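Student: The primary structure of each chain is shown beneath.
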Amino acid sequence: MQVSMTVNGDKVTREIEPRVLLVHFIRENLGLTGTHWGCDTSNCGTCVVLMDGQPVKSCTVLAAMADGHDIRTVEGLAVGGTLDPVQQGFMEEHGLQCGFCTPGMMLTARALLDRNPHPDDAEIRQAISGQICRCTGYATIVRSVQWAAAHPLGAQAEGDAAGAEESTSEEVTA
Amino acid sequence: MSGPKGWTMQIPAPFDYERASDVANALTLLERHGPESRIIAGGHSLLPMMKLRLARPEWLIDINDLAELEFIRREGDQLRVGALTRHTALLESADVAELFPIIRDAEQVIADPVVRNRGTIGGSLCQADPAEDLSTVCDVLRAQAVIRGPDGERIVAMSDFHRGPYETAVAQNELLYEVRFTIRPRSGSAYEKVERRVGDWAVVAAGAAVGLSADGTVEETAIGLTAVGLDGTVPEAEAVLRGQQPREDLFVEAARIAAAACHPVDDQRGPVDYKRHLADELTRRVLRRACARAAGAKEG
Chain D
0 MQVSMTVNGD KVTREIEPRV LLVHFIRENL GLTGTHWGCD TSNCGTCVVL
50 MDGQPVKSCT VLAAMADGHD IRTVEGLAVG GTLDPVQQGF MEEHGLQCGF
100 CTPGMMLTAR ALLDRNPHPD DAEIRQAISG QICRCTGYAT IVRSVQWAAA
150 HPLGAQAEGD AAGAEESTSE EVTA
Chain V
0 MSGPKGWTMQ IPAPFDYERA SDVANALTLL ERHGPESRII AGGHSLLPMM
50 KLRLARPEWL IDINDLAELE FIRREGDQLR VGALTRHTAL LESADVAELF
100 PIIRDAEQVI ADPVVRNRGT IGGSLCQADP AEDLSTVCDV LRAQAVIRGP
150 DGERIVAMSD FHRGPYETAV AQNELLYEVR FTIRPRSGSA YEKVERRVGD
200 WAVVAAGAAV GLSADGTVEE TAIGLTAVGL DGTVPEAEAV LRGQQPREDL
250 FVEAARIAAA ACHPVDDQRG PVDYKRHLAD ELTRRVLRRA CARAAGAKEG
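Protein chains in written order, with numbering that gives the first Met the number 0: chain D, 0 to 173; chain V, 0 to 299.
Everything labelled a hint here was simulated from the structure, so no lab data went into it.
As the structure is a computational prediction, the values presented were derived from the model and not from experiment.
C-beta: ideal position from N, C-alpha, C; glycine also.
You may find that some hints are simply not true.
[Unchecked claim] Quick partial rundown of chain D residues pointing at chain V, CB under 10 angstroms, derived from the structure:
(1) D39
(2) K56
(3) T107
(4) T135
(5) T139
All chains should be modelled from the sequences, with the hints used to inform the complete structure.
Tutor: Now the structure itself:
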């Protein structure tokens with residue numbers, strides 16, 4: 000069957016089998032391997048992408064079901080070469096170790112901040128509770144999302160790279 | 000099918016896919032494609048079962064475009080919830096929180112926020128997993144299921160909706176359209192679940208609803224348990240409270256009866272004794288909370 004959808008702003012059309020899952024469509028058919036494929040059972044959340052702005056587990060959505068919808072993957076977070084504040088936050092606050100859960104974590108964080116620009120730590124933890132970081136780096140992930148909330152335009156736009164540096168050294172000494 | 004480096008992917012067996020344009024069209028497609036066709040909504044129960052070959056439909060009929068099935072509407076003394084209403088919408092509804100706090104209690108512990116963006120009330124009820132939280136919730140609220148089929152609409156009480164594990168009153172050529180909850184004055188409800196980890200199926204969960212009369216005595220009550228092999232609610236336990244002022248010793252007695260009436264099985268989630276203990280303790284807790292909520296509820 001033929002499916003068409005918008006992925007990171009680009010219209011894509013492919014011929015696929017109906018049983019192809021969205022995660023494999025994105026990785027294999029579109030070659031966008033930033034979306035990771037983990038447990039296959041909608042438990043780990045590494046395959047999270049945004050579908051019409053909402054985080055969904057793409058291992059449990061058929062590509063056919065995404066036909067006509069708007070998909071955003073981690074490759075679509077940076078705009079015009081500038082990293083999304085969430086990506087900057089993960090750098091500034093060491094939000095990743097092995098990086099396997101990171102794309103899904105960042106997309107869920109983006110969706111959360113779009114809805115709730117100033118979440119508290121409990122709200123962030125709740126938002127990412129369907130996603131597993133096997134390095135157990137949750138504390139730094141929460142701090143990374145808080146960094147993005149505090150810098151909605153990113154570090155460069157606000158000219159406060161120094162501020163970001165400060166918070167990093169703070170964390171190191173903590 | 001194998002993925003990169005030859006890793007094995009879990010992929011459903013081949014099937015054909017068609018997207019329904021409205022409810023009438025969905026019913027036509029069910030009729031046309033016959034017994035091996037299945038409705039898919041959120042897909043978070045069906046797709047995992049298809050990956051494991053526990054379900055192997057030849058046709059999937061996708062109803063996600065059916066906006067007419069996605070609503071939470073207060074009409075007269077009823078709250079009407081469309082079958083395609085997502086868990087997230089139920090969790091965020093002010094009407095649900097005010098009128099049926101048990102739904103909110105349960106939604107907070109169903110899977111996780113990302114899964115709740117996709118999963119639907121209709122899918123949960125039609126999947127009819129014995130550990131499904133919303134099945135207990137709907138039993139306890141004595142909800143009604145509105146089912147559409149080729150011959151029109153029929154309304155089925157929740158007590159007749161569930162026919163057993165993974166079996167419901169919805170026939171192959173029918174579709175669950177909506178769930179109706181009756182709004183009662185001076186009522187309260189609550190749900191509590193013990194799970195091995197956040198987002199897991201219940202080891203055991205309990206739900207209770209009460210309606211008080213003007214003088215504060217219990218007029219109507221329902222007690223249900225999840226994942227312990229109970230068919231519907233527990234009338235013997237409910238009888239303990241009916242006509243009485245809510246009291247701790249009655250909660251204890253009702254909970255004791257409910258725990259004795261259920262049929263837990265020994266499995267990876269725990270032994271029978273532990274589950275029975277949970278059934279007892281959780282029933283007491285939800286009765287306390289439901290009665291407190293009813294006492295604080297609006298008069299009408």
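Student: State the violated hints by number, sorted upward, taking the hints as numbered earlier in the document.
Tutor: 4, 5
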